[in-house]
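Number of protein chains: 2
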Amino acid sequence: MTGAEVDLAFDEQTYLPAVAQDAETGDVLMLAYVTRDALERTRETGLAHYYSRSRDELWQKGESSGHVQHVEEIRVDCDGDALLYLIDQEGGACHTGYQSCFHRTIDGEVVGEQVFDPEAVYE
Amino acid sequence: MTGAEVDLAFDEQTYLPAVAQDAETGDVLMLAYVTRDALERTRETGLAHYYSRSRDELWQKGESSGHVQHVEEIRVDCDGDALLYLIDQEGGACHTGYQSCFHRTIDGEVVGEQVFDPEAVYE
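These protein sequence lines are chains A and B, in that order. One point on numbering: in the working numbering, the residue at position 104 of the first sequence is 104, and numbering is uninterrupted. In short: position in the second sequence from 1, add 123, done, that's the working numbering.
Rather than coming from a laboratory, the hints here were simulated on the basis of the structure. Source: prediction; values computed, not measured. The beta-carbon is built from N, C-alpha and C at its ideal position, and this holds for glycine as well. Possibly wrong hints are sitting among the right ones.
[Claimed, not checked] Chain A is nowhere near these chain B residues, computed Cβ spacing over 12 Å in every case:
1. 137
2. 196
3. 234
[To be verified] Here are some chain A residues pointing at chain B (derived, C-beta under 7 Å):
4. 19
5. 77
6. 102
7. 121
Could you put together the complete structure from these sequences and hints?
In structure tokens, the structure reads:
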């Protein structure tokens, strides 16, 4: 570790995309956005936080479902304008009940695994 | 395969983020943006295309470096507003010579592997 914190592009962009990847399987689970505050909360708590651009609010993944993401490592890309959260996912990442939000091909074929019943989780 | 093409959020957003993941190792290599045209070119050619928001132009990854990305599968997230390219990367994905653009932790520790000399590739 160098201790030198990496420059992030929050001065140019309010929201940076953050990709959540399962630290063990390597599966890409979801993509959401973070603000400086959301990133700060993630680092403080060790739980993935994001910022909803449509609801205009900071949220903790799994706050209502219990499907939290334990963040093992945060990586930054070469330009400092995208983040990668390496995580341990409780339950499933997708609100539809799938392990990953990327459970469909562009042709509509379902390639992912459903791991919970969304109706039982989100009332 | 269902044959039913997935709805994409291009009506709401001009640019959608696309994550490139090594189809074999699972490494997340880069994140860039696509327009409808960039996605179309990707599907037509089987080579990853993106759209540069700063240069305002469509580009093919590896056009100048030769480090092209052969796209094996394209996935779409649950909301249709993010894409995942599963790819076979020639050379390295990052213009700095690293295999992945996500080769640093947020604390500045280098965790990725340098696979080419950028000065020899980009003149």
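Hints and how they fare:
For residue 137 of chain B, the non-interface assignment is confirmed: its Cβ lies about 14 Å from the closest Cβ of chain A, beyond the 12 Å cut-off. Non-interface status of residue 196 of chain B relative to chain A is broken: a Cβ of that chain comes within 12 Å, the nearest being about 6 Å off. A Cβ of chain A approaches the Cβ of residue 234 of chain B within 12 Å, the least distance being about 7 Å, so the stated non-interface status is violated. Taken as an interface hint, residue 19 of chain A checks out: its beta carbon lies about 5 Å from the nearest beta carbon of chain B, inside 7 Å.
The interface hint given for residue 77 of chain A holds, since its Cβ lies 4 Å from the closest Cβ of chain B, which is under the 7 Å cut-off. A hinted interface residue such as residue 102 of chain A counts as satisfied when its beta carbon comes closer than 7 Å to some beta carbon of chain B; here the least separation is about 4 Å, so the hint holds. With its C-beta approaching chain B no nearer than about 15 Å, residue 121 of chain A sits outside the 7 Å limit, and its interface hint is violated.
Violated hints for the displayed structure, listed by number in ascending order: 2, 3 and 7.
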